[in-house]
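Engineer: Given next are the chains, with one letter for each unit.
2 protein chains.
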Amino acid sequence: MEFNIELQNRVQEIEKILKQYLPQEVGFQKTVVEAMEYSLMAGGKRLRPLLIWESYRLFGGKNKTEIEPFMAAMEMIHTYSLVHDDLPAMDDDMYRRGRKTTHVVYGEAMGILAGDGLLNYGFEVASQAFLDVTTLKKATQAFMVLARKAGIYGMIGGQAVDVENCDRPMEKDKLDFIYQLKTGALIEASMMIGAIMADCTDAQLKKAEEIGKKIGLAFQIQDDILDVIGDEAEIGKPLHSDEKNHKTTYVTIFGIEKAKSLVEQLSTEALDALHTCPQENVFLEALIQYLIYRKK
Amino acid sequence: MEFNIELQNRVQEIEKILKQYLPQEVGFQKTVVEAMEYSLMAGGKRLRPLLIWESYRLFGGKNKTEIEPFMAAMEMIHTYSLVHDDLPAMDDDMYRRGRKTTHVVYGEAMGILAGDGLLNYGFEVASQAFLDVTTLKKATQAFMVLARKAGIYGMIGGQAVDVENCDRPMEKDKLDFIYQLKTGALIEASMMIGAIMADCTDAQLKKAEEIGKKIGLAFQIQDDILDVIGDEAEIGKPLHSDEKNHKTTYVTIFGIEKAKSLVEQLSTEALDALHTCPQENVFLEALIQYLIYRKK
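Protein chains in written order, with the numbering used here: chain H, 882 to 1177; chain S, 882 to 1177.
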């Protein structure tokens, strides 16, 4: 099947899962739930749940229902980070994916709470995996990876260092720290959670993390590139924000061409590592290629 | 032993536990960790971890180490809610417990991230209880209570409705919804987590939740009362904020005297329910009395 059609089918399947895991019955608190849904169902690449799914298949997983709570949780946690990132005190972004950001529509207080709600609800949804006692042990292991990689040793840690340094020149080791934590950590976690739920070995878990690390860094450098040479209409938010904010990026350190070749190199390394895994996963390979040449 | 000394000892013990569970090794992200620690170690009653501990003893629990991750997690989650509540877009409070609030010291962006960090790290810390396979099942059950009661069906849900209605008259059923969720939910969760970890029956779990509900409502009404007749120096934050913000409270609905007698009635009911539990817990009884007559 053609990659684009398969990708579209899978994204649709993921959005169906997300809807199923959204809060169903609510009372007075319906505005915050609406704001959570507005943020979560705003489209996007759904890259992280896709990677959980594909990593699960890569390591021989056969029962997709057991990873669905993690797929939904991961996207909720990723989404909360965008909602808080867009707040006036942070990046102060009015638009994302061509739509008004959550705090613009619902107000700043509700934006903070919708983000808190998505983070908390992500963990609540993931913990539904604990209800099946036959898979309890691996579910808790996957959960702990999610919690660590989303937190101060992961995404939040990276975000905090980014915020502190966003308007000043930065050394490459600090930039790498930010990229690995802010963007890389949840992508690593996605690969790891899929592998854990497919009953991988410890060595395979390390490999899953390594593949995630390479994809994450490639993805972030591509983001830097698109902020300079992307198409504003396609991306759905204003470009050149890095330049405007005097941000240090891979493009400012290495220039566009070198940044591009780094993306390609990282992707090749990720693909090479994939070929040593238990199952062939043609779709995942195509997905990684697609990330290199993506326009948004 | 005299109650006040015993309370002080227990609070000290809890603060020791909190320190142990704080992140130990950090790199570039040290500011956000500092901000988390600043918020968490700012004093306070430590009521929720106290209740986990006392509920655990009430239902016959003997091995305190197994509840420590939950005690630490609970206080982190309670603290994050205060940090976000104090933000300019929310209550815009400059002082709490006589100290500058987190966002005043570290800036608004870092205030948001320190709150996110505490919420996430709370779940991360609680999940450390999964490392002991012999208690895994009850630990996951306790975890699910924590996640639900902290989220949109609990504290965040109450907070969201509070934010939407804070400057307009409100019906009593909505006020009760806010009180039960915003303040009550984590207190219920504390009682329930202690009971679950002490291997309680289903009926006992319901009773633990019921006791928590009564304590939570009494506690919140007492808060309303103190905002009108408390001592500003003792409380460590400006009084009369409810009046200033035209808030509906139990005091505005029922008046001071009726509010006071409601607090007393709820506490008596909680004490009566306590007396039907497996173990006598004189300290917990005194703690509930203390909450009625507290000055801050």
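Some clues are possibly wrong.
No distinction is drawn between identical chains; accordingly, a pair holds when it is met within one copy or between any pair of copies.
[Unchecked claim] Using 27 Å as the maximum straight-line C-alpha spacing, the simulated DSS-like pairs for lysine-lysine come out as follows:
#: 1; residue 1: K1053; residue 2: K911
#: 2; residue 1: K1019; residue 2: K945
#: 3; residue 1: K897; residue 2: K1053
#: 4; residue 1: K981; residue 2: K1055
In short, the hints are calculated from the structure, not lab data.
Engineer: Look at each hint and say if it fits the structure.
Structural biologist: Comparing the hints with the structure gives:
Taking the closest pair of Cα atoms, K1053 and K911 come within 27 Å of each other only across two copies (18 Å); inside a single copy the shortest separation is 45 Å, beyond that limit. For the identical chains of this complex, K1019 and K945 are neighbours both inside a copy (15 Å) and across copies (26 Å), given an alpha-carbon limit of 27 Å. Neither within a single protomer nor between protomers do K897 and K1053 lie at most 27 Å apart by alpha-carbon distance, with minima of 40 Å and 38 Å respectively. For the identical chains of this complex, K981 and K1055 are neighbours neither inside a copy (32 Å) nor across copies (30 Å), given an alpha-carbon limit of 27 Å.
Comparing the model with each numbered hint stated earlier shows that hints 3 and 4 do not hold.
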